[in-house]
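Assemble chain R onto chain B, guided by the hints.
Read top to bottom, the protein sequences are chains B and R. When you line the first sequence up against the numbering used here, it's residues 1 to 371, in that order. When you line the second sequence up against the numbering used here, it's residues 1001 to 1371, in that order.
A hint or two may mislead.
To be verified - Cross-link-like lysine-lysine pairs, in silico, DSBU-like; alpha carbons within 35 Å at most: (1) 99(B) - 1104(R); (2) 361(B) - 300(B); (3) 104(B) - 1319(R); (4) 319(B) - 1104(R); (5) 119(B) - 1319(R); (6) 1009(R) - 1220(R); (7) 40(B) - 220(B).
Hints are computed from structural coordinates only; laboratory data are not their basis.
Below, each chain spelled out in residue letters.
There are 2 protein chains.
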Amino acid sequence: MFEIVRQEKMSGARVGKLTTPHQVVDTPAFMPVATKATIKTLTPNEIREMGTQAIISNAFHLYLSPGYELIQEAGGLHTFMDWDGAIFTDSGGFQILRKEFRFKLNNKGISYVNSRDAKRYMYTPELCMEIQGALGSDVAMVLDDCPPWGSTRDEVMESVCRTVNWGQRSLDARCNKNQLVFAILQGGTYPEMREACASRLVDMDFDGYGIGGLSIGEPKDVMHETIRLNLTQIPPEKPRYLMGVGSPVELLESISLGVDIFDSAFPTRNARHQTVMTRYGQMDLRRSSLVRDFRPIDEKCGCYTCRHFSRAYLYHLFKESELLAMRLASIHNVHFLQELMREARNAISEERYSEFREQFKREYSSPANTA
Amino acid sequence: MFEIVRQEKMSGARVGKLTTPHQVVDTPAFMPVATKATIKTLTPNEIREMGTQAIISNAFHLYLSPGYELIQEAGGLHTFMDWDGAIFTDSGGFQILRKEFRFKLNNKGISYVNSRDAKRYMYTPELCMEIQGALGSDVAMVLDDCPPWGSTRDEVMESVCRTVNWGQRSLDARCNKNQLVFAILQGGTYPEMREACASRLVDMDFDGYGIGGLSIGEPKDVMHETIRLNLTQIPPEKPRYLMGVGSPVELLESISLGVDIFDSAFPTRNARHQTVMTRYGQMDLRRSSLVRDFRPIDEKCGCYTCRHFSRAYLYHLFKESELLAMRLASIHNVHFLQELMREARNAISEERYSEFREQFKREYSSPANTA
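In isolation and in its complexed conformation, chain B is listed as follows (with noise of 0.2 Å):
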């Protein structure tokens, strides 16, 4: 299901093949956001000429609208929104535990509230993989309690002991003998609540797992000690996931530490706030220096928008509001990403990894080469 293809000897980057039943997903891997079954502004041909071969939805979010049912009667979620790669779906955990949804957490599950009719519904870890199976994506991640950021040792005790059994809730109601089960490891960063949360998940011999809880409040040493202790705990031979992390220089430094998998919002939601990644940091564009400036964003960019786009034109449609701009920007954004990983696993390949990110990080960081 897993197989490491080559491992570097100078850091912990590898290079790996995940075989789902959609796809074969070559790793490190980058995956876009589709929360509500569409990554916002673009169209699955273009996830796929990006080079996308896994995206990411949200079951908590395709289970209030349009409905698991509905989905699955349209044939899954693939044929739903016609995209024939790998489909990861998260739990939701991290997304219904916010204010909005007026949540209270029991061991049962968690409690929340359906803006739609104002009624309290539960959301169990069983609920969870019945719509992930009805969905039909290739990767299910199991229902999570993540402690927002600031929680104390005895807070995370709890979420840590929840997530546990909730884990092995969710792997006796697995349903869906096609899809793959990830757990989520929680713990914040504790370092003592973060081993025994994977340890204890680690024996429940999960498909992959995915590393939660981080990239939120945080300071990024704290962030990285906390991964680095997580990737000693789980297995090599599994596929590790670090969830919601998407700036470049971070990805790069994860993937140093043997992360393989990546999801964030991050380069289409920046992209709809007109921030776009080149090689030289990032590029605001509408910053007014590039009323009259006829180059693409990136002169070294392969994407559809480099190629026949230029930033004038980009800071124009900006300026005017016009939808084009917020697609343009994403599609450059998400290739960009893609473009990464593919230049990483080829470094991971040739054992040139640690040069590589660091020419990377250094060019990316300096203000003096900003175009």
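Here is chain R on its own, set in the frame of chain B:
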């Protein structure tokens, strides 16, 4: 420059070829609207894939922003927006005559207030030709004075005098020899004013003629009578362009009368407001009966949207206010009109246009057939 390939014996309908610097345009032709150098939500390759040969942009809007010198510096409008087909540019006469611009008309031109600096500027026939020459559009429309529906005979007479005078000044100011120049016929719905305006402008021997000032509130039969009248005055060898008309039945009726070219924001604007065209009339994509309707918008349609997505998916996207919804509906609607034009050209060539038109109208307006 314009060749009539086929003239139906039974009606005024004709198939032609309009040779422009960038593209030979098969007529009858429908042009989607790219007012601000973008067809809202769509890329040029999508527009092309639908069979679009010509689009229309707006000289006045591009003059206001980003400016015609900038677009000239970019290499012209074709390069700026990456469209290699034909581009018509509307003069903007119709657009400037709006309350927001606090316009004042005089014989010199149109004075308006630019909201950016709250200052008053003049827009003249000469400036309008200079802008369009610099943009490098294939067809320039001369500045006209379009009186609002309900104007008195005296008001319309004044506007006709101005339009005729501006027509001559535009010809004198012609600065781009590659560009075709079309006049715009005005005269409200007063037959003698229409005739006066047309005969004077026809005497000036423009490359083609726009029929302007219609579809702005007047009754349908008055509009048809006015078109019919104007068409008797434009020499048959000249291309005839009915401005701002885009509903399918109106297109087919006008083709019968001998119109060659159309433009309208109708298909794209409706699409953004969740309304699509089908053989059996318009469909509101938020209609509750579509929630579980897994058929495409139109089972016989070959557009990207219909080949890949269901009504249920589009319903879901519109419900969630996903931008992809507007885009997929726009693709369908523009494709629908381009397909209608292809079928019209075939029907004319095969001397069965009236039959084709009547059958379309029957199906399109039959509520019992609505799927």
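Verification of the supplied hints:
no.: 1; hint: 99(B) - 1104(R); in the structure: violated (54 Å)
no.: 2; hint: 361(B) - 300(B); in the structure: holds (17 Å)
no.: 3; hint: 104(B) - 1319(R); in the structure: holds (28 Å)
no.: 4; hint: 319(B) - 1104(R); in the structure: holds (28 Å)
no.: 5; hint: 119(B) - 1319(R); in the structure: holds (21 Å)
no.: 6; hint: 1009(R) - 1220(R); in the structure: holds (25 Å)
no.: 7; hint: 40(B) - 220(B); in the structure: holds (28 Å)
In the structure shown, a violation is registered for the earlier hint numbered 1 alone.
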